[in-house]
Structure formats: structure tokens, C-alpha cells
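Engineer: Here's the letter readout for the chains.
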Amino acid sequence: MGMEVFLHKGRGVLLAYDQGLEHGPTDFDERNVDPTFVMRLAATGRFNGVVFQKGLAEKYYDKQVPLILKVNGKTNLVKGEPVARQICSVKYASALGAKAVGYTIYAGSAHESVMLEEFGRIQEQAHELKMAAIAWIYPRGEAIKKDTAPEIVAYAARVGLEAGADAVKIKYTGDVESFKWAVKSAGKAKVFMSGGPKAPTDTDFLRQVRGALDAGATGLAVGRNVWQNSDPAKMARLLQRLVIENLSVEEALRD
Amino acid sequence: MGMEVFLHKGRGVLLAYDQGLEHGPTDFDERNVDPTFVMRLAATGRFNGVVFQKGLAEKYYDKQVPLILKVNGKTNLVKGEPVARQICSVKYASALGAKAVGYTIYAGSAHESVMLEEFGRIQEQAHELKMAAIAWIYPRGEAIKKDTAPEIVAYAARVGLEAGADAVKIKYTGDVESFKWAVKSAGKAKVFMSGGPKAPTDTDFLRQVRGALDAGATGLAVGRNVWQNSDPAKMARLLQRLVIENLSVEEALRD
Amino acid sequence: MGMEVFLHKGRGVLLAYDQGLEHGPTDFDERNVDPTFVMRLAATGRFNGVVFQKGLAEKYYDKQVPLILKVNGKTNLVKGEPVARQICSVKYASALGAKAVGYTIYAGSAHESVMLEEFGRIQEQAHELKMAAIAWIYPRGEAIKKDTAPEIVAYAARVGLEAGADAVKIKYTGDVESFKWAVKSAGKAKVFMSGGPKAPTDTDFLRQVRGALDAGATGLAVGRNVWQNSDPAKMARLLQRLVIENLSVEEALRD
Amino acid sequence: MGMEVFLHKGRGVLLAYDQGLEHGPTDFDERNVDPTFVMRLAATGRFNGVVFQKGLAEKYYDKQVPLILKVNGKTNLVKGEPVARQICSVKYASALGAKAVGYTIYAGSAHESVMLEEFGRIQEQAHELKMAAIAWIYPRGEAIKKDTAPEIVAYAARVGLEAGADAVKIKYTGDVESFKWAVKSAGKAKVFMSGGPKAPTDTDFLRQVRGALDAGATGLAVGRNVWQNSDPAKMARLLQRLVIENLSVEEALRD
Amino acid sequence: MGMEVFLHKGRGVLLAYDQGLEHGPTDFDERNVDPTFVMRLAATGRFNGVVFQKGLAEKYYDKQVPLILKVNGKTNLVKGEPVARQICSVKYASALGAKAVGYTIYAGSAHESVMLEEFGRIQEQAHELKMAAIAWIYPRGEAIKKDTAPEIVAYAARVGLEAGADAVKIKYTGDVESFKWAVKSAGKAKVFMSGGPKAPTDTDFLRQVRGALDAGATGLAVGRNVWQNSDPAKMARLLQRLVIENLSVEEALRD
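Chains as they are written, first to last, in my numbering: chain A, 1 to 255; chain B, 256 to 510; chain C, 511 to 765; chain D, 766 to 1020; chain E, 1021 to 1275.
Keep in mind the hints are simulated off the structure, nothing from the lab.
A few of these clues could be false.
Said to hold, decoys possible - Heads up, simulated DSBU-like pairs for lysine-lysine below, C-alpha to C-alpha not over 30 Å straight-line:
| hint | chain 1 | residue 1 | chain 2 | residue 2 |
| --- | --- | --- | --- | --- |
| 1 | C | Lys656 | C | Lys690 |
| 2 | E | Lys1079 | A | Lys180 |
| 3 | E | Lys1208 | D | Lys828 |
| 4 | A | Lys79 | A | Lys146 |
| 5 | C | Lys589 | D | Lys911 |
| 6 | C | Lys655 | D | Lys910 |
| 7 | C | Lys573 | D | Lys895 |
| 8 | D | Lys949 | D | Lys910 |
| 9 | B | Lys400 | A | Lys198 |
| 10 | D | Lys910 | C | Lys656 |
| 11 | A | Lys130 | E | Lys1150 |
| 12 | E | Lys1254 | A | Lys188 |
| 13 | B | Lys443 | A | Lys234 |
| 14 | E | Lys1218 | A | Lys146 |
| 15 | B | Lys489 | C | Lys694 |
| 16 | B | Lys400 | C | Lys655 |
| 17 | C | Lys708 | D | Lys945 |
| 18 | B | Lys401 | A | Lys198 |
| 19 | B | Lys443 | A | Lys198 |
| 20 | C | Lys519 | C | Lys573 |
Said to hold, decoys possible - Covered stretches of chain B (chain C as the covering partner; in silico rule of three or more C-beta atoms under 8 Å from a C-beta of chain C):
| hint | region |
| --- | --- |
| 21 | 311-319 |
| 22 | 326-335 |
As the list claims (entries may be wrong) - If the Cβ cut is set under 8 Å, some of the chain E residues that face chain D in the computed set are:
| hint | residue |
| --- | --- |
| 23 | Gly1161 |
| 24 | Glu1162 |
| 25 | Arg1178 |
A virtual CB, placed ideally from N, CA and C, is assigned to each residue, including glycine.
Looking at chain A on its own, in the form it has when it is part of the complex (with noise of 0.2 Å):
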């Protein structure tokens, strides 16, 4: 039901931009605050497909790249185990010229089951659309000591899959083998690892990427690594070459 149109030669790299609600505009600056700026980075970058809250798709999306909407989120400012619910609804995400819809389901949070409950409609409705429905699997709350954990990050892909997700968004292990099973766990759902914050150096994230690549990922979302990097359209070329191409990171780099 359509992640194709997110991929190219079956790999895919998603520019996320759904920071602003999620962390606030501490994670911007003068440039990337504004989200025309991101938008045209989308294009330029190449990038498979744009993620975005329905606030930024109907101000500012431009068709030029395909639009996943999220369509929960929450602030960082609230305390306690976490819920986000849905701000956007499907028909309304179609409308706005969405290819795809994007969940957060905070797995192990006291408030699980009314995320599960939530996304189960949402993608029920995403698929009568012929819409895309992504999970973004976060383990959190009490239970959770390091969400990075191979187990965690395994148990969040399979949660994906069982839930009815046609791709998950999830954090990297930290090496290929144990990501190779986060993979496996995943079965036919896609796999997208998580971008996360900017990693000290281009080639450290780079090599994150590589890694869940040859553990079978399908590509990556990522925001702050590119647009945060000083010079976000090199590492656009750079996530193209790596993940479309196939190259390796001496490779990607070398030229």
C-alpha cells in the first residue's frame, strides 16, 4: 500500500522535520527555524520524502518531494510516562497531499495501550486512503533502562510489524549484527533508522547509516544531522550516495 513512493531503487532517505514540536526551536537556528528552508532542502537533497506536522504541510509543503504527515506529537515539557495523541487526522493528512502517515507509539509507556488503540485506527483509515502508515517506535518509561539496547530496539521493530506498520522509524543498536536482528524483527515492515541528534563528526553518523544499512535497513530518517550539519547539502549528497548508491563511507566521502 505504498511505501514505494518513498523509495528509490528500494532504499529510501526521509528528511524529518517535526522537531519544532517535539523538542522546541531550541533545536533550530536562524536558518533551518524556517521551514521553507527545509523544504527547498528537500527538493535540492533529493531526499525520498519530507516529514512534517500538519501546521508546516499547510503552510508550507510544495509537493515537490513526498509528504509523510505526522500525525501525533507531544512537547518535551511535560513530565511523567509519555502519551502523544493524534492531532491530525488521516482524511485530513490525505488532503493535505500526504502519501504516508507517521506515529509515535511510546512502547512501555504506562499510556501504551491508548497509542496501540490509536495508531490501530489510524492506519486501518491510511490504508482505505491507499496511504502509507510509519511507526515511530520510542521504548520509554520505567521499565526502559537504555532504549538503544538491542532487545528494546528488536521488541520496538516487531511491535511495528504486528501493529499493522508498513515501515518503522527506530534508534540504532550501535553495531550491524545486533541491528541485523532489530531487522529480522521487523519481517516484511521497512525499516528506517532513526537520524537521532548530530553526531560529533559527519563520518561517525555516516558510518551509524552504513551499519544499519548492512543490517538490512531500508534507509534512514533524519533531521538534525542534515539540517543542523553546516553544510546540509553536502550530507544530503553524501546520505545519496551511501544509501541510494549503496557506497561505502570511504567511497561516499572520496570525490
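Let chain A serve as the given structure and place chains B, C, D and E on it in line with the hints.
Structural biologist: Positioned in the frame of chain A, the structure of chains B, C, D and E alone reads:
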């Protein structure tokens, strides 16, 4: 989708009068306790909009000034993490003649997700009926030490943009520079400074407004600083000159 | 939209009989425990309306007096922050012959938002069916030290006005001056004094009512001070003279 | 609206068999664990109605005796303030052949408002489908010291009347005088004594029933005192003579 | 209403594979982590049904074996009183080809009423679409010391019957005698023993299954004891002989 109706030369001064529910009649005196007085002031003072709860709109709205219907609210008698749920349906607001709905989101509250979800639904209904959706974003809850801190105000502004607000009402940070960042964070969502409690002097208040405008605000939503003023008509004129005519505080006060 | 049906010469005395649910039969004696007695009293005592829960309306209402259907309620057996949810739909109330719905909002309760939202929905449905919506506003919860404090009663009145009530039922503050402020705060929403527990003497009670009327109240909703009275018919007559004929306490008592 | 179908000479003996959910099979023995046994007993014992949860009705109800479908319920494994939510829709109950729905309200529970609201909806749907609505009113929660205290039982009866129940099922207070008050408090809602746990002797039980009848009860809803009896058919006959034939305990036992 | 499709000679062996959500991939190895393997095993092992969450059904179900769609679920990462809400609508389950829906009720949990209510709705929808409703009844919460205690297992069985389940999945009590009581308590609802964690030896496991069958069970729902087995095909054959052919453990193992 229609903030234009509330603007003149791209600017707007909205007369807020939802304090009866939010704070109680303690904000009022013998004159301004009467919504008729405020309704008349809205017209004679050439305000660009008036903000009412449904009860006032039903009984007092005379259509001389565009109506913003505040569709949620709460008393200040309730303790604990704040939440305000929908009291007026969007359809009812439209039938009462509203050109926009207003909704308060207590970002950071333990009930934030309830309000983000509800605003999401209301925003879609409003747009369907060609009404604007204005978000009052008030950061609250355990994690919020100071709700006028620059990063908190900027976050509030961004929450509104991301959630699909056509305009946000936020507190002033206290200086132009930091408020610029909040305005930038709001992107294409228009920014209205929250008038707040009565300032010590008119000049004090006008300087705040001037600061917000210089930072890029579209205008302000003001209640107590007008109708608690000893001469509301005069303050209305001053705001016209400052906001719509774009004069300096000194120019506005002159004559 | 119809408080007129409950008024005579612009005034009204409503016979309240929802105490069976709110307090239990402990309020009753062998005679007034029977709703038939109260229904008959409503007619012979020329009350302007009678307040029933749905069960009483279904089994006892004889259409001789306009019906106000109380659509929410709770027992006094429950501890903690008060909440009363809707028991009777507006449509059902209308089918039972009601000309108005009554709804209690415990302003200040931790569950206030639940009731404001529910009242909001009920009010719209009532108006659509050409029924009035009357709000019983009872401030409760941690923050409420004394629910007859002038500023609290005025706040209650205002909550009703803002939320769209056609009339509010509030407690008497104890003196004319402070109740005037409450009446003013209620604006165009009509004010009915809450009869409250049985007063020590008839004269005591009549003085309270007179005070409320002098402060601008439309009338009162009275239960125990009538049907717990040794001579309910006489008290009904006294209230007629005081409220409808607008006599002084002394004049009313004379003859 | 139809309690008549459950009455004979204005009286009724209802066979209750919802204990499987409420208490578990611990209430049963090899014989009465089988709903077929109880269904047959209902017919041969000439009961005026049988009380089943939906599962029993679907699989065992043979239409020989009018059916009361218990539409909510809970296990006794749950601790804390009691709540039982709707398990069977009124429409489904009707399709299963029910002539009445039964619903338990734990008056005084922290969740009372949930149940009063749900019963309110169910009552209206039942009446629309020409079914009776019977309320099991069980006072529970912190504030309830003794749920057979006269004032508590009378309150329970009144809650049922006010909420629109056609009949209430309440516990016996222990003596005729105090139960009279409960019956009076129930007004036109018919009163069925709750059979309760197995009494020490048949005579003990019959004296309670006689007391309830003498106080004005319409009959009783009895489970364990019949099907836990060593001779259920005999107890059924005794109840017929006591309740329907209106004999004294001594007359009933004679023969 | 159709448990027949899952039975052969009145017996059934269902292949459970919802552990990916309930326990995570920690239950899996390189082979059985792949739903394709399990789907193939279901067919070649002649299972009478396969249990999938919606995600697996959508991506792997090949219609060779009747499908039971598990419509609720949760991860084991969440602490506190358990609750699992609906993830898949009954309509969607039907569209995916399911002949039955499965739903877990944590009887005794503080959230029991939520699940009883939800199952109630699902059961009615399933029956309307001619699908069976199977209840996984797992007693949990403060009050449950040991969830295989005979009285607890019997209670679980009865909850399923009362709530309208066509079949219940319950744990084995450990001996034939006590399990007989559970089967009796389930009445006409068919009883499937829950396979549970991998038993120390095949014979151990077969003895449990034999015990359940001897007590009157219709069969079992088994996952880990098959697909964690070193020779799943062999275990499938053994279960066929034991359950469908009704052989003794010794007879089944012979050959």
C-alpha cells in the same frame, strides 16, 4: 483561511474579554463587568476583533466587529495541572457569527495531549467552515519555571505553528531580540502578543507592544490593559496608532 | 429560547425536587417523599416550574407546571472532588415535556473541565430544541474555602453566563450589596437564588429571598424551605407575594 | 413500559444467575454450574423471570421464562472502588429476547458518575425498544460503612427511582419498618429484594422475604437461596406461595 | 456462529503466534522470527487455525489455514495493572480473512471493566459478521496470587462464558480433576488450553495436553512448544495424534 478579516494594513488589535471565565469578575468593575460596554468599546475603539465565550456571543454580540469565539476555557479555581476542554462546538461558533475560533493549549501540562488532540479536531472543523483557528499557547506545569523565558515563549509559538494554528497568542518575553526568535519560530502563523495584566503605566504597556511589533508580531490581543484603563477609548486610540499606523510610542502619545 | 415560560411578571419561583438523588431520602418525610405530593404542590402553589430528575418526570410529571429536567446528578455518598455526569439526554428530556434542562457544574472541582464540556454540548442541543439551559453552579474543591463568599458567588454567576446558561442557580451571599455584584456578573443570564437547607424560621428565609430580589435576582429555586415546611402551601403563597407581587417581607406576611 | 411481563398478581420472583461473573464458579456445585439446570429450574419453578449475562442468554436461553439481560458486570477479583461497565448492548439484549435489561450501579463508588451516566443511556434505549430497565443499586465505597443500614438502603432505592429505573433490586434492611421507608423512597419504581447469600435455614430466608413483602416490595430476585438449596424445586414452590399467593411463612411451609 | 471451522472431529489445535507483540523477539530464533516460517508450519502441520496480529495477517497470511485475528495486545514492557486495548477493528479482521477474533481480558486487573466492555462490543460485531469471538482470559492484578490455581482458572473460564465468548483460552491447572471443573464452568464455550512457555520435554508437554483433553477441553492454542521445538513438524504431528486422533501420550509417541 481567513486571519485577513481581523487585520488592517496587515496588523490587528484584538479585544480580549474571556476573563470572566478565566479569572472571574474580580477582574471587572461596575462598568466593564457589562459585556455591552465591551462590545461597544470594540466598535468605537476600532478593534479588529473581539474575543468572547459562547455565552457572551449569544447574548451580546452585535456583529460590528469580527468575532473570535473562544471555544474552551476553565476557571482559576481548579488546582493541579491545567486542562480546558471544548465548551462550544465549531458549528455553533460559526452559527453565532464567529470568523475564528480560539483555543487555549497548556503546553507542558500533564493534560497537554488532551488539548493538542482537541485543538487538532477543532482546527480541521474550523478550516472546513472557512474560519481561522487561533491558539492561545500557555506553557504550564511542573517543568515550566517561568512562562516568559525566551526559549519557552519561542516553544509556545512553534507549538502553535506545528499544530496548525493560523495565529498564536503568546506572552511577551520582555525584549525585542528574544521575541524576534519567538516570531521566527511561529513561521507563517501570525503572532499576537498577549496583553496580560494591567501594566503600571500606559507608557510601560505601549513599550511592550512596540517591542512585540518591532520583533515582527502582527499585533496583540488585549483585555485588561484596555478595559481596566481609566480611559479605555484613549488606550484604544493609542493602540491604533501604535499597531495599525505603526508609530513609535512617542509619536503615538504625542497630540 | 425560552426562560419566559418559567416567568410571571418577569419573576419566577421554581420548585426544586432533585434532593432524592443529591441527598437521599434523609431530606424527606412520609409526605414529601412522595413525588405526587410535590407535583400537586407545584400546581396548587402556582410555582413557575418544577425541577425533576428523569425518573420522576417519567413517572409523576402531569404537565400542570413547566418542567425543568435536571440532566445530571450524583449522590452525596461519593467522596473526593465532585463530578456529576449526564443521566438524561436532551432529546429524552424534551420528549418528557421539559421546557428547560438543568445541569450542575462544580466549578473548581478537579473534574470541572468534564462538566463545562458536557454542559457546553447540552446547552447547544437544548437551544436547538428551543429549550432553555439552566446551570446550577456550585463552587467546590480544594480551592474553595466558603462557597457563599461574595467573590465566589459572583464567579459562579459569571461562569454560567460565559458558558451560555440562560439562567444560573447560585447561593445567596448573605447580603444585598454583595449579591448585586453577583447579579451584575451574570449579565443577561437570569439569576435564581438557591433555596438551600431549611432556614430556622420562615421570616429568615423570606428575608434572604427579598435580599436576592432586591439585588436583582429573577427569583429562586426552592425545595426544602417549601416542602419541609410545616405548611408548604402557605410558604408557596408567601413566595408568590414576595417574588411575583414584589411585596416586602412584612407586606407578604401581613394578612 | 413493561415490568408487567415479569409479574403475576402484581408480584414477581426473579431467578438470578449472574453470579458466575460476579463471584465465579465458587458459588456453584456440579449441578448448578450448568446453566441448563438453572434454565429448566426457572421454568419448572414458575419463576417470573430469569437473569442472565449475554453469554448465557446466547447459549442457554429457551424462552420459557421472560429474560432479564444483565448488561454490565465485573469479577470480584478487582480491588479498589468498584465499577462495572456495559458488556451487552441494549439492541443485542433485545435480539436475544430480553424483556428487560439489568444494570448495577455502585452508588457511592468513586466511579458512580460513570455508571449513572451509562445507566442513563441504557435506560433510554431500553424504553425506546419497549424493554424495562432494572437497576441493581449497591452502595459501595469509602463512605459506606454498612450497606444494609436503613438510610443507605432507602437511598439506594431512591437513586433507582430518580435515575429512571422501572424496578430496583436492593438489599433487605433486616426489619419491616425500615424497609417500608425504602419502598416508599422508591416511589413507583418496583422494589425487588436482593436474595443475597444462602441463609442459614429456609425459614430464615422466608422470613426476610415476608418482611420485604410486608414492607411493600413487589418481590425478590433470588439466586443462591434457590439453586444452592438442597431442594431448589421446593424453595421455588415456597416462594410462589409466599410471594405470589401472599401466604404467611407458616402457611407457606404448611402442606 | 462458527468455531466449527477451527475443529476437526470436534477438536482443534491452534497455532499461536502473537508473542512478537506480547513478549518481543526474545521468544524467537533466526527461524521462527519469520512469520513465513510459521505460516508454512501452520499448513504443513495441519493446524486448525493460526493466531496473528493484524500486521502479520496483512503481510503473511496465505489462507491455507483458518485465521484467528488477535485484535488487542500489549508489550510486556509496561508495568502496573495490565490493559490491552483494541488494535484491529472487527471489520478489518474480517476483510483480512479472519474467521474469528481473539481478545485478551485481564480479569482482576484494575482495568478489567475497560476490557470487558470492549470485548462486549467486539463480540457483537463479530457475531454480526458471522465470526467467532475467542477470549484469552488471563487473571492478573493485586488479588491474583497464582494464575493457575484451580478456582482462578475456573473463574477465568466462566468469565469467558458469561461475556459471550464462543471459546476461551485458559491456562492448565496442572491436573485433570481440577481442570474438569474449569471446563464445566465454561459450559458451552469451548475450552482451549494455553500452551504456555516451552515445557522441559515433549512428553511433559503432551501429558499436560492429554490432561486438558481428558478434562473435556476442545484442544489447545500452542505457540512456543511448537515453534521453539527443535522439530516443530514432529511436535505438530504428535499434537494431531493426541488431540485430533485422541490417542494417549504413549500411543502418540509410538511409531
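Engineer: When the hints from earlier in the document are held up against this structure, which numbers fail?
Structural biologist: none
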